[in-house]
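There are 6 protein chains.
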Amino acid sequence: MFYHEPELQYEVEVEEPNPYFAKMLQQAIGGVEGEMRVALQYMFQSFAVPSDKPEYRHLLMETAAEELGHIEMLATAVTKNLEGAPEHLREEARENDAVIDAMMRGGQPRQALSAGLHAMPVDSNGVPFSGNYVVASGNLAADMYANVMAESTGRLLATRLYEMTDDAGMKDMLSYLIARDTMHQNQWLAVLEALEDHVPVPASFPQEKENQEYNYTFMSTFRERHEDPEMPWTSGESFDGKSEFSFGYQPGGGMPSVEKTIEEMHNEATDR
Amino acid sequence: MFYHEPELQYEVEVEEPNPYFAKMLQQAIGGVEGEMRVALQYMFQSFAVPSDKPEYRHLLMETAAEELGHIEMLATAVTKNLEGAPEHLREEARENDAVIDAMMRGGQPRQALSAGLHAMPVDSNGVPFSGNYVVASGNLAADMYANVMAESTGRLLATRLYEMTDDAGMKDMLSYLIARDTMHQNQWLAVLEALEDHVPVPASFPQEKENQEYNYTFMSTFRERHEDPEMPWTSGESFDGKSEFSFGYQPGGGMPSVEKTIEEMHNEATDR
Amino acid sequence: MFYHEPELQYEVEVEEPNPYFAKMLQQAIGGVEGEMRVALQYMFQSFAVPSDKPEYRHLLMETAAEELGHIEMLATAVTKNLEGAPEHLREEARENDAVIDAMMRGGQPRQALSAGLHAMPVDSNGVPFSGNYVVASGNLAADMYANVMAESTGRLLATRLYEMTDDAGMKDMLSYLIARDTMHQNQWLAVLEALEDHVPVPASFPQEKENQEYNYTFMSTFRERHEDPEMPWTSGESFDGKSEFSFGYQPGGGMPSVEKTIEEMHNEATDR
Amino acid sequence: MFYHEPELQYEVEVEEPNPYFAKMLQQAIGGVEGEMRVALQYMFQSFAVPSDKPEYRHLLMETAAEELGHIEMLATAVTKNLEGAPEHLREEARENDAVIDAMMRGGQPRQALSAGLHAMPVDSNGVPFSGNYVVASGNLAADMYANVMAESTGRLLATRLYEMTDDAGMKDMLSYLIARDTMHQNQWLAVLEALEDHVPVPASFPQEKENQEYNYTFMSTFRERHEDPEMPWTSGESFDGKSEFSFGYQPGGGMPSVEKTIEEMHNEATDR
Amino acid sequence: MFYHEPELQYEVEVEEPNPYFAKMLQQAIGGVEGEMRVALQYMFQSFAVPSDKPEYRHLLMETAAEELGHIEMLATAVTKNLEGAPEHLREEARENDAVIDAMMRGGQPRQALSAGLHAMPVDSNGVPFSGNYVVASGNLAADMYANVMAESTGRLLATRLYEMTDDAGMKDMLSYLIARDTMHQNQWLAVLEALEDHVPVPASFPQEKENQEYNYTFMSTFRERHEDPEMPWTSGESFDGKSEFSFGYQPGGGMPSVEKTIEEMHNEATDR
Amino acid sequence: MFYHEPELQYEVEVEEPNPYFAKMLQQAIGGVEGEMRVALQYMFQSFAVPSDKPEYRHLLMETAAEELGHIEMLATAVTKNLEGAPEHLREEARENDAVIDAMMRGGQPRQALSAGLHAMPVDSNGVPFSGNYVVASGNLAADMYANVMAESTGRLLATRLYEMTDDAGMKDMLSYLIARDTMHQNQWLAVLEALEDHVPVPASFPQEKENQEYNYTFMSTFRERHEDPEMPWTSGESFDGKSEFSFGYQPGGGMPSVEKTIEEMHNEATDR
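Protein chains in written order, with full-length UniProt numbering: chain A, 1 to 272; chain B, 1 to 272; chain C, 1 to 272; chain D, 1 to 272; chain E, 1 to 272; chain F, 1 to 272.
None of these hints come from the bench; they were simulated from the model. All the given hints hold, so there is nothing to weed out.
It does not matter which identical chain is used: a pair holds within one copy or between any two.
Straight-line distance between alpha carbons at most 27 Å, and here's what the computed DSS-like set of lysine-lysine pairs gives:
no.	residue 1	residue 2
1	260	53
2	242	209
3	209	260
4	209	171
5	242	171
6	260	171
Build out the structure end to end from the sequences listed, making use of the hints.
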């Protein structure tokens, strides 16, 4: 069950509103690397943890709630960047409204047309958030790798946004979000460390059931066969410590045999 | 530049065709955990590696080419599962065509209606593959975590499919694909090991620019404040070895101040 | 800023797990009439309310937080319906695992394949939640109509689900959710009443700028012209009390004139 | 059965072509607030009205046919805005073709690349129209609220477009479309008035089956409990006249109990 | 400008309602091969034809209006198939409502949950119609090939549906729709014949600007080079009569050189 | 099974990097007319060809492999266009980084934010590639028309891109791709010629089962009935040579009869 407090989680100030930056911020709200994704991802992962593992249920849900607050911060930042445009932008604008002009020229006109100059659950390309961005597999180790990945691309996004703005307010907010991504990467990696011996994921599948000839072989697919380049992934102990890497080629499994399908499908033209 | 050989990468046999299993296999083709995703993901990641790092460009592209062959294997498996239905299924069917009956009752009618009983670039729910499943961030460490995640959820999917079939041919094919996922998890983790000191990703962003107060603090968001539970993510050395985990609460950043937007947006009803 | 409490908002019990009903419940989670939509819709609407109208900001956010709790309840209900299948279902199943069998035959295999028998942010057809379901226009009156609509289709969905189950636990949970939808319809309609004189939305646009000939005329488009049927929308005072309804036909605006586009578009075949 | 007449429904002139405005107009064609949505929505709603209620079937279909004509008008407007660019735009353009330049810089390049400088069934962000925008619930009252909402956000969109252009032709066309939205809001509200006593929707569900404790209570979710603010939605008669509003808090339903799922799902890492 | 007549274009009867067939019919409404696609495709193509070619504008629009009537017929068929279930289906049903049971077991629960047992703008997999199915390129020859393709896959779909039903009413309706697809294939091919000399499309691009070495060569990409198989596409006069087919291999264009991107992108991990 | 060679299929040079053109090129990668679509389309079509027709299986797969190489070329072109901006663009830029500025102003910010200035599997509007672009019907004739259409719109796109750039390197690459599209149009048309007598598609459906009254009649839907315009599609021999074109009107099929649906759907408001 959720609660809200009207204060923001961290302060959000914009010194010089920039409607183009408002568009960029959308990636951190509704983009695949954004806060809606992680908030919902941790939430759905938490829902799937069995009740006898409350430490993981809570860990995931506490961070989900934190991420909901980041959506709120970023939406506030979008509004503040759209509220007005600095004088020098206004001057060079064709019409006397620089914000509307930016909407028309830039690639996110729906911030004006659909949302009245506010944030939306879409990414910076204008594409709506999709439920399929959320990874919640039911397997904790797989989920943790999904989370490290989400926080890695998320922190990367935040640093790129940081580089693109000179606004002190925006830099301060992003420096907070970057810090949180540092923590979140660390916390999910700490869980993986606590799980130990989870590779290959899922660890519960008996490895003797997997094909024993090709489970630790790097498979080269260059047209011209080349020698084992002796890289850390073609020789030496495998990462999971369970075997040795080797180097090889695609085995080849014979020609596929595909029959004609039943007549009612009217695939006829294929067999004249 | 790509080449093809008409042989399959590994043999694909189906002893007893099962149209319901054909539907399940679609997840491994066009699903978010499937082969289209990894083939394209490794391909786009490879395109982004600078030319002076050919070992990573090639590693990614060689595995991309391997995964293209997995799409081919799985598509063959779908066709073979749809080619006919075993006698006992036929008998219990309302009409004398068990396959069409399964199409109508089950959830993937387009395998018949749109594809004439063949594979499609959609998932097992019937939802089309999306380019947004592909993660290729330009940053090798972030990409590697995306790859470990893809192979973790991919192997998890393959083991679940393995448990759902009794067909010896399908079990053999899946045992090969599971083995390859084992290798791929290991190879991407081996790359991460080779990169060292890459956490937090991206490592090139100077950490002194991130907020120093909240970058290693687990942020509890329970409504009722509770004590530090002393978990591996609330105390002790942080995973990246650069600090100590601590335990805290959301800082609070004051009330958000949001102005009225410009008049032309006609947001009037908000201010009566 | 958000907080969470591990207790559910209202109790969720399932007496006889039913994997088919789990699929139906997905509509109330990730469907266009579902809880993810209203939670996010009220949240984004709240973000857009100016700070000098805190009563609306809070009203929207308090209900958003309530709806987040409904996602949690429904996800719990999905898991409980998938945890096992009643004996009589098991007996009629082809294989000895009724749940997996239901996954294969029914239309939501990803609940098993992607989520390990748990809830997902998708609808009952298996289609992922889309950010474009969220309506947050920046105009409070338009938003309130969107909310009444969301709660009307939402309550309709909940009553249909109520009719489809015999499970006492599910009926109790749904009776709670139906009650909340009753309240939410009432509260948004109460806001509209408080706004008064808001039709036509947006009320701030000066009506003298709209075409005065066609703003209160029902436009009949039947091929064979028919007489004014004297319905409440073709005659009498208009709903907004600002004019009289009348009855008429499409005015006709002349033939469209469309030039050839510039040569570089290579639209040539159109002009031979 | 449908018929067409080559004349436009209302005249469409553009005095000074503006490729940026062409992009904005796409929102009114293929956007969630656009004409494709309402045309199809009223059509599908009409299909679902029982034959013994022809007045509603016809009302919906007549307006659907009108909206089809609006798509035609707007598509004509898009083409006319792309046909050429005014001289002053041409001069400031990098290359000597201002239209193509606008395509390259602005956010809707597919108007040139895919459509040869014509309209497309996409929104102003470039996102394709989705069948999931259409609301046709089978319940007339719910559908009417969906229609009022569609015409409210639609009229809001049209007024925002009106504010963004100085072109007399475009202003005239928009003033006609705004007028039609005024009528349509009025006509759907007139239907709701005719239906009376339809709140809460659906009215046919016996209210005694809904939870009696929480169906008229505003549920406060602020972290810090606060007093009843005595707003029109927390006290006094409820909007539907069937009860009194009250003010309260989330009831709390105990800890969710979630079991481990069956072994074949390989969710193992969750229970170490 | 559009008109409607309440009569259907062709009669629609269902002798024995079948909810599973209702699901299949959705493919012909909202699927990529369905009537919404062709209706909108011909409409948008018509919008783009210059006014001095009224014969093509009208041809396209007249057929668009016809296809709108097919949506109406198919939606009526869906409703009639969902109105009730035949007795023998009812008997074998778990509960006493066969239709709801079919909704729960089959793959299109939203026909009940969202639409109250009516048609929806989605396909038979439950996926919503997308504006990106519509092809309207601005070039008439390209559009005509798109139309022949649409009517080919559309007729194929209709024949597959025809084979899947024993219902005399449904067979009669489908036999009408199949006949119309025959006509439409013929009419678009007749336009192509009238255009002559339009291959390669677009014919207005001067062929001397295209690479002269590779414009009529079949490019073999087998890993093992093989001989010219002397097929109608590797030797002899080319289809367009402008050259001779030849047989060859991929030219090879040197190693791609990709630089490091600018520092602010933080792609650092790639260059250790 | 697939192989790769690190060389490009054809050389890719960019003389003057242009970030706006990089955005345009995305249409040729992930757009509906792009290379991902044809590569996957030919691949899935090939999977569906029965083994006793190897000439078609191979033809399709060889061209699929060629198209994969085009994705690689175009992705290289995108990177090269984003690597830097020419001096004169830099000068007029607000900040000293013209590329990032172009990202912010233009409509494809994710090329920077998500991909670190590299190619993505999305179109030029920023919309992700969709599996539903792929047409693989199981019927070879229908597939061939889909392929002619894909190569027609593909070549059209390439010529439009050619017209939009002055860069000699880009023009050379596009002149190669345009040439390949010429060949591919010719090769698919050559297959159709080899199939002969395949219209109407599918030819295996007995035409005597289709409605004999309306299979060769052009159906006029103008509101005002007009005379047969004596066009090549209203009179004379039909394209398939099997009948004569005639000219007529919509037959009319009586009023649709739609019953009330079952009570549990709560569609009540429709019948007051």
